[in-house]
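As they're listed, the protein sequences go chains W and S. One point on numbering: in the UniProt record's numbering, the residue at position 208 of the first sequence is 208, and numbering is uninterrupted. One point on numbering: in the UniProt record's numbering, the residue at position 76 of the second sequence is 76, and numbering is uninterrupted.
Treat the hints as calculated values from the structure; they're not laboratory data. Keep in mind that a hint or two might mislead.
What the hints assert, rightly or not - Straight-line alpha carbon distances no greater than 27 Å define the calculated DSSO-like cross-link-like pairs of lysine-lysine that follow:
# : chain 1 : residue 1 : chain 2 : residue 2
1 : S       : Lys265    : W       : Lys76
2 : W       : Lys289    : S       : Lys88
3 : W       : Lys76     : S       : Lys287
Since the structure is predicted, the reported quantities are computational estimates derived from the model, not experimental observations.
Residues per chain are reported as follows:
Number of protein chains: 2
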Amino acid sequence: MKEVVLGIDLGGTNTKFGLVDREGNIIIESSMPTDVHETIGTFQEALYKRSSVLIERANTQLVGVGIGAPNANYYKGTIEYPPNLKWKGITPFVDLFTKYYNVPMVLTNDANAAAIGEMMYGGAKGMRDFIVITLGTGLGSGIVCNGQLLYGHDGFAGELGHSLVNVFGRTCGCGRRGCLETYVSATGIKRTVYKLLADYNGESELVDTSFENLTADQITEAAKRGDKVAIAAFEYTGRILGMKLADAVVHSSPEAIFLFGGLTKADEHIFEPTKRYMEEHMLGIFKGKVKLLVSELNDRNAAVLGAAALVWKEKIH
Amino acid sequence: MKEVVLGIDLGGTNTKFGLVDREGNIIIESSMPTDVHETIGTFQEALYKRSSVLIERANTQLVGVGIGAPNANYYKGTIEYPPNLKWKGITPFVDLFTKYYNVPMVLTNDANAAAIGEMMYGGAKGMRDFIVITLGTGLGSGIVCNGQLLYGHDGFAGELGHSLVNVFGRTCGCGRRGCLETYVSATGIKRTVYKLLADYNGESELVDTSFENLTADQITEAAKRGDKVAIAAFEYTGRILGMKLADAVVHSSPEAIFLFGGLTKADEHIFEPTKRYMEEHMLGIFKGKVKLLVSELNDRNAAVLGAAALVWKEKIH
């Protein structure tokens, strides 16, 4: 039987999971709702049942489980104080899940998982120093230095979504103000559009959509049609992202920075200003040296793949 | 004969050098001017002559040379575009110095050297994840992750002095504006005092000193005597440093941050506000966890020691 790792991308709303072979092929995948489960117990039971069906159906042998989750503590296998999950406090996810599977398990945050996926199966193959920025509901990041994922003392390294842009700025889910992800994320650009609708007095096709209903995809489509506010929103996003990437560069001196996620569908609308402002704010010795690239896992489920890749990389042979 | 490494702390004005044994004792040390040498050739010749005298006098055997220098490229052994040295462009320091010594050599920036010194002989013994911030004319930093000094792709990682506080802020020697070291360094606090002398209309004992003559030590002494402007200058410095340290923490999740250098002589005047603002701006999962410590190498020549320590650590056995 083919050996596979179960990769799990645990999100606030949905959880995606799939069986990944050593070469990085997702053999079969599925998803289930996260937020209907009030307790970790019923969630893990449901996840076990559904993943077992996949394992059997694909006629495979499970050799490991990799989980990408928000606020994941790699060292302890715990999820700690996640703002977007119903399980509050500290959840010992890995310990509890050993009730179901007796194989090596690794838990890390979804952006770290994406970085490992990029290194093993994507555009970072052969690179030893790079950063992956995931642009979803929030902004996640995985930092690789000297070929190793940066975990730090607490296992929480690489939380660039909560680096500070403006301490008097936008309210953040973390309880502070002005974090990078309040500007640069699917949610962040929506907030920017609303700010700009005010500045431009509503000269935009986005004027008919409520705050609740507006999506990053709509903003992307509007920008591609030449909508002034949508284009300005990407410029604004790229300015802040570019500036903070220049700061990230002085920390870890990466060879490349990969952008992953929905916002990258805007292509040059997001890449051009981000690159321009990154170079404008870059310290001289780094100018023109750091590649800004689109993730090569963009069309695939990077967190499922990456969580599984981490197990293949660290736990098996 | 006792084996020693020649540790060199190459600064813009002076160069300090000493012979360091494996246990981190500086057996003998000396210094010479840097800025009288218009070319690297005459500088290295003078350095060789003076260090050879030390080696002979101490009756030791040289087994390595470690150099801490500004804008040092660890991988290439070069000093690249240093704003404060007379040798412009790229100087292949290590290659040229092999003319004099045929032993393993390592070149890195002085803050990286200080971080290695802290790890081998100072307060970071046994730590795997920490940051050393050196507060001198500028602000240097050495980042250690997973027990390894972070060099990054280009060998220039850890340039936190050039992370951005305010892109419209103070002019920096690097040609940009608002870099951290324009606020947080011996020079930075002097600029802050002058700003505050304006704000407070000169209600300070520092009002009699010219910009050119004012030193960080004078500001420290004034603060200890209760001078309003000097105390406010440390508060201002601590606010900006604390905020940027919170940002550094989300990058690499250190166990501790060490402050090194002249400004730390101000004791609680600098540590208390830095700690307070660092905690205020800290992401929840890191709050109360990251130690802010004074370097245990403060009274010793950390860059000489650290440059030598790097050779002992990486090049010998």
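We went through each hint and held it up to the structure:
no. : hint               : verdict
1   : S/Lys265 - W/Lys76 : violated, 39 Å
2   : W/Lys289 - S/Lys88 : holds, 20 Å
3   : W/Lys76 - S/Lys287 : holds, 18 Å
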